[in-house]
Amino acid sequence: MEMLQLIRIIATRFMDPLTRGDYPESMRSLVKSRLPKFTKEQSKLLINSFDFLGINYYTANFVSDAPELRNVRGSVNEYDDPSLSLEESLLDIYRIDYHYRHFYYLLDAIKNGVNVKGYFAWSLLDNFEWESGYIMRFGMNFVDYNNGLKRYSKLSALWFKDFLKIETKLHSSM
Numbered sequence: 001m002e003m004l005q006l007i008r009i010i011a012t013r014f015m016d017p018l019t020r021g022d023y024p025e026s027m028r029s030l031v032k033s034r035l036p037k038f039t040k041e042q043s044k045l046l047i048n049s050f051d052f053l054g055i056n057y058y059t060a061n062f063v064s065d066a067p068e069l070r071n072v073r074g075s076v077n078e079y080d081d082p083s084l085s086l087e088e089s090l091l092d093i094y095r096i097d098y099h100y101r102h103f104y105y106l107l108d109a110i111k112n113g114v115n116v117k118g119y120f121a122w123s124l125l126d127n128f129e130w131e132s133g134y135i136m137r138f139g140m141n142f143v144d145y146n147n148g149l150k151r152y153s154k155l156s157a158l159w160f161k162d163f164l165k166i167e168t169k170l171h172s173s174m
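Going left to right, the sequence shown walks through residues 1 to 174 as UniProt numbering numbers them.
There could be a bad hint or two in this list.
[What the hints assert, rightly or not] Calculated pairs, DSS-like style, for lysine-lysine (alpha carbon to alpha carbon, straight line, at most 27 Å):
#1 Lys-117 / Lys-161
#2 Lys-111 / Lys-150
#3 Lys-32 / Lys-44
#4 Lys-161 / Lys-150
#5 Lys-165 / Lys-150
#6 Lys-44 / Lys-117
#7 Lys-111 / Lys-32
#8 Lys-165 / Lys-117
Derived by calculation from the structure, the hints in this document are not laboratory data.
Based on the provided sequences and hints, a complete structural model is requested.
Written as structure tokens, this is what we have:
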């Protein structure tokens, strides 16, 4: 199965009820009687009942374990210098590139008539992730869980702040 076909199957199971008032035929034929049926009144209420469409997507990355990195935390604690442990995790250039590319394509979509209402960056702070606990750090701000939840701005937070200032000035002068 091609990726585009899979994306369409996934999208239609959510969007068809909201735009057509019923599940797609492919889903009805697969799930059959286990799929709840909408009454005509429910279908009418469903159609165009959303204010906006938010797209949430994820990707997989494969990495190997680096046992030598486990020793770094002990070294840092030995010298009582928390900034040493944060040095690399604050330089999140890949996250800046990620958001920059998204803004580039969002602007292109807007120029082509797409009614973009907003952009939600994930995430402001490092937080609890259901599959990874506190290990994965997606935030633009580093949270030190061992030091009273002290926060440190990552490079992406500073970039994002500057980006918003520049864009706000640009749009207010138009």
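Hints and how they fare:
| no. | hint | in the structure |
| --- | --- | --- |
| 1 | Lys-117 / Lys-161 | holds, 19 Å |
| 2 | Lys-111 / Lys-150 | violated, 41 Å |
| 3 | Lys-32 / Lys-44 | holds, 22 Å |
| 4 | Lys-161 / Lys-150 | holds, 20 Å |
| 5 | Lys-165 / Lys-150 | holds, 25 Å |
| 6 | Lys-44 / Lys-117 | holds, 25 Å |
| 7 | Lys-111 / Lys-32 | violated, 42 Å |
| 8 | Lys-165 / Lys-117 | holds, 18 Å |
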